[in-house]
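Number of protein chains: 2
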Amino acid sequence: MMPRLSMNTTFLEACKGRRTSHVPVWFMRQAGRYLPEYQRVRSPYSFLELCKRPDLCVEVSLQPVDILHVDAAILFSDILIPMEAMGLELEFSEGKGPVFPNPVRDYRAAAALRIPDPEEDMPFVLETIRLLREALAVPLIGFSGAPFTLATYIIEGGSSRNFLHTKKMMYQEPALFQEILRKISDCTVRYLAAQVRAGAQVLQLFDTWAGALAPPDYTAFALPWVRAVLAGLRQQTDVPLIYFANNGATLLPETSRLDADVLGIDWRTPLEMAINAVNQAENPKAVQGNLDPLALFLPEKQLAERVTALLDAGQQAKGYIFNLGHGIIPETDPAQVKRVVDIVHSYQGTQP
Amino acid sequence: MMPRLSMNTTFLEACKGRRTSHVPVWFMRQAGRYLPEYQRVRSPYSFLELCKRPDLCVEVSLQPVDILHVDAAILFSDILIPMEAMGLELEFSEGKGPVFPNPVRDYRAAAALRIPDPEEDMPFVLETIRLLREALAVPLIGFSGAPFTLATYIIEGGSSRNFLHTKKMMYQEPALFQEILRKISDCTVRYLAAQVRAGAQVLQLFDTWAGALAPPDYTAFALPWVRAVLAGLRQQTDVPLIYFANNGATLLPETSRLDADVLGIDWRTPLEMAINAVNQAENPKAVQGNLDPLALFLPEKQLAERVTALLDAGQQAKGYIFNLGHGIIPETDPAQVKRVVDIVHSYQGTQP
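These protein sequence lines map, in sequence, to chains A and B.
Following my numbering, the numbering of the first sequence begins with 1382 at its first residue and continues without gaps.
Following my numbering, the numbering of the second sequence begins with 1382 at its first residue and continues without gaps.
In case anyone wonders, no lab produced these hints; they're calculated from the structure.
Bear in mind the structure is a predicted one, so any value in this text is a computation, not a measurement.
Treat the hints loosely; a few may be bogus.
No copy labels: a pair is met if it fits in one copy or bridges any two.
Said to hold, decoys possible - Subject to a maximum C-alpha distance of 25 angstroms in a straight line, what follows is the list of computed DSS-like cross-link-like pairs (lysine-lysine):
{"#": "1", "residue 1": "Lys1564", "residue 2": "Lys1549"}
{"#": "2", "residue 1": "Lys1719", "residue 2": "Lys1564"}
{"#": "3", "residue 1": "Lys1433", "residue 2": "Lys1719"}
{"#": "4", "residue 1": "Lys1549", "residue 2": "Lys1719"}
{"#": "5", "residue 1": "Lys1682", "residue 2": "Lys1549"}
{"#": "6", "residue 1": "Lys1682", "residue 2": "Lys1397"}
{"#": "7", "residue 1": "Lys1477", "residue 2": "Lys1719"}
{"#": "8", "residue 1": "Lys1477", "residue 2": "Lys1433"}
{"#": "9", "residue 1": "Lys1397", "residue 2": "Lys1549"}
{"#": "10", "residue 1": "Lys1682", "residue 2": "Lys1699"}
{"#": "11", "residue 1": "Lys1549", "residue 2": "Lys1699"}
{"#": "12", "residue 1": "Lys1433", "residue 2": "Lys1549"}
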């Protein structure tokens, strides 16, 4: 265990919009299948078994910190864990992704959703956080899915292409839809507040499917619940809050005004566009992002150019955290990821 | 057969940016599975068999014109037909979508791609067009996939989630990638020019997967070939050209400057944003779009409001064609689609 005196707090400082001696970097899905070390821990277990074993979750959460020297760790877990804790059966089948065999599509199913007690119903998550804090010399990020994204999974019964059931419910039974979102939001605030009490120092809300909504639908059906979660957390914690809306370029007029400390940017959105939107808001915030995960397949020289271009653009933000614009894919070479960390850490800025 | 005198040319006029007495409307995938009449024609055949039977293609192309009274017909075919004609084995399996069992991933496979003679190798497409022109009293749209989109299918071997093989080739073997795109573009110009000679009165390029590219990659790897196809067609035909880049909000700085007559807009992009971008370009063009296909599940009143909002916005464009922002999904109620046509046709504008 590293002594606390040598704690690397660069990431926390950048989240708060303060100048830092170097640009901090971490990667969405940095604890994942691209690492052979992860595969070794993972292979004897099912994915859900792994998620429920704090000793193993700690091990895989620490791997990218040890191997890549990133500036933050993120709790290893899955965004659907609290949906299972709300009383829904959840399966992960290889290749097919998550499946909820009994999707939530009527008032009876919505009424049956319970608001879990995180300590009681998801103790393994909180135990993982406690153990990680003992072991880490970088800040620990807790996380959850954003309400709309979580709703799509439990309404569709898994991943989706067109979000037919979700949008049908939004349009045809808006009161039912909002009731489900209200419950998910309530669950999410309790879950994230418990993560902070257990030791999470930053929280990220993943809105993976926000980009499935046209802007007016995002504003009507997803945004109010992002606001509710952020407001609920502001009342209970003072840790920095990161909001990541995937495929969210056209949602920036709304997301840039959210009461988050950091806006995560997906790789389709030019970083300059996002920084402009954020800087024009009443409450400028830090930005995090946004290299295309597939750019990790670029040859070294072009990879360095692309990373440096983002670092240059990031200098215009109130605070800048380097990250991908979505999660690392399993086929990625860890050496390429390490290269990006080194480029980011050795970056000196465009100013003399 | 309707006499030519009663030909409804509203759609053609709007493509050319001229004022029209009403806003013309058609729908991407208007000839498709949501229509029971289509299902009846389709069910005895495989999808590829259907594509190769001009009599049946004519029948399903005419159905939406007869049933919905749209202002344009679109050739019934599939964007992958010319890829098969380039010498690749192509299968459509139910549920799994298109599959190329021998994907194009090296120079040998790229060299084996032949440039088809449309009359020789895809006669059924041209015959369908000839027959349709005899039967139609609205303009006929021919189409093809845009080169990048077609390349993803033959490089990945079908649909894709991350476009790993495509992007790896772009980044690691750019000369091979560009050679494949060059051949596809060459094939596409010949194919579309032949469609015009057979009678197509407008052409649409579908760039379904353009939005899989971050803007700098779109500019480097997809845009030059869109330009090449448009330029090749300008030399050989004078029909209006429509370019549709799906999920293309952040590509607008480039796409708005293309030498197309009409820019098709996806449903994630606010129509006002697209019209502003297009109107600021040196060569303002008409726009087409962009209702979320899932908005067809809205109750009547809200559907009317959403359609009217688009019609109001469309008045700011040099020419405006109502359409969806992507294809109709199979679960759609045809009565809802018909409702949209009626709303569009009865729209009187915001000016007295």
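Looking at the structure, which of the earlier hints fail to hold?
2, 3, 6, 7, 9, 10, 11, 12
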